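**Q** With the sequences and hints as input, model every part of the structure.
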Amino acid sequence: NAGVTQTPKFRVLKTGQSMTLLCAQDMNHEYMYWYRQDPGMGLRLIHYSVGEGTTAKGEVPDGYNVSRLKKQNFLLGLESAAPSQTSVYFCASSLSGRSNQPQHFGDGTRLSIL
Amino acid sequence: QQPVQSPQAVILREGEDAVINCSSSKALYSVHWYRQKHGEAPVFLMILLKGGEQKGHDKISASFNEKKQQSSLYLTASQLSYSGTYFCGTELDRDDKIIFGKGTRLHILP
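Protein sequences appear in the order of chains G and L. Under this note's numbering, think of the first position of the first sequence as 1, with each following residue one higher. Under this note's numbering, think of the first position of the second sequence as 1001, with each following residue one higher.
Hints are computed from structural coordinates only; laboratory data are not their basis. Keep in mind the model is a prediction, meaning the values are calculated, not measured. Don't take each hint at face value.
[Claimed, not checked] Ranges between beta-carbon positions, derived for each pair:
(1) L/HIS1107 x G/MET41: 14 to 24 Å
(2) G/THR5 x L/ALA1027: 33 to 43 Å
(3) L/LYS1026 x G/PRO83: 29 to 39 Å
(4) L/ALA1077 x G/ASN73: 41 to 51 Å
(5) G/ARG98 x L/GLU1066: 19 to 29 Å
(6) L/GLN1002 x G/SER80: 24 to 34 Å
[What the hints assert, rightly or not] Taking lysine to any residue pairs in the SDA-like style, the calculated list, with each CA pair at most 25 Å apart, reads:
(7) G/LYS9 x L/GLN1036
(8) L/LYS1037 x G/ARG11
(9) L/LYS1037 x L/LYS1059
(10) L/LYS1102 x G/VAL88
(11) G/LYS9 x L/GLY1084
(12) L/LYS1068 x G/SER99
(13) L/LYS1026 x G/ASN100
(14) L/LYS1037 x G/ASP26
(15) L/LYS1055 x G/GLY3
(16) G/LYS9 x L/LYS1037
(17) L/LYS1102 x G/PRO102
(18) G/LYS57 x L/ASP1095
(19) L/LYS1055 x G/TYR31
(20) L/LYS1055 x G/ARG44
(21) L/LYS1059 x G/ASN100
(22) G/LYS57 x L/LEU1092
(23) L/LYS1050 x G/HIS104
(24) L/LYS1102 x G/SER94
(25) G/LYS70 x G/ASP107
(26) L/LYS1097 x G/ASP26
(27) L/LYS1026 x G/MET41
(28) L/LYS1055 x G/SER99
(29) L/LYS1068 x G/ARG44
(30) G/LYS57 x G/SER18
(31) L/LYS1097 x G/GLU30
(32) L/LYS1097 x G/TYR31
(33) L/LYS1097 x G/SER67
(34) L/LYS1059 x L/PHE1044
(35) L/LYS1026 x L/TYR1074
(36) G/LYS71 x L/ALA1041
(37) L/LYS1097 x G/ARG98
(38) L/LYS1037 x G/GLN85
(39) G/LYS57 x L/TYR1029
(40) L/LYS1026 x L/GLN1069
Backbone N, C-alpha and C fix where the C-beta goes; we use that ideal spot for every residue, glycine too.
**A** And the structure:
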């Protein structure tokens, strides 16, 4: 049971470089989310998607872009990485956006920006 | 609006009970609880809905206060495996986005 898979697991970038984080889920979930987790800050929603071809902004969207061209994949892009984007990034998915639906998380991507 | 969790950290001995609180300035529609062990992904524990319905772990329970501005998570007869950071995620309206708190660190000693 793969569930939610994130790649890569670790990455070090230099300031100004770009990269894309990939999230894939095999549970046929409609909703997908990208969070960042910083020490003492909890999980903060960056962007989310309510279905294939849709995206929406979360709490901290600046500096990030996302795309959901296929239902099973949700990509998070950093166009010009900044040290403030050093964080652990988690992808999650849920069957729907209904209040009684849990989110299933991937193992995270640890990203360092030098 | 980010919910406020209390306590920030707690240390208990195996077998003791734990209570973790999650507070909001507004009435909540639902509260979602997750546990995260160090270096791992958050794992779903349970959902508490406005009407009192609960969904999730059978050894963990939760409740709302009268104004539904605070939820408490009850861990009974804690086990070593309960150690980790507990996050609450709150919804103000049905099917709304979930906003997570900063977490409560729980450490269970043998």
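**Q** Are there hints from earlier that the structure breaks, and if so, what are their numbers?
**A** No hint contradicted; all consistent.
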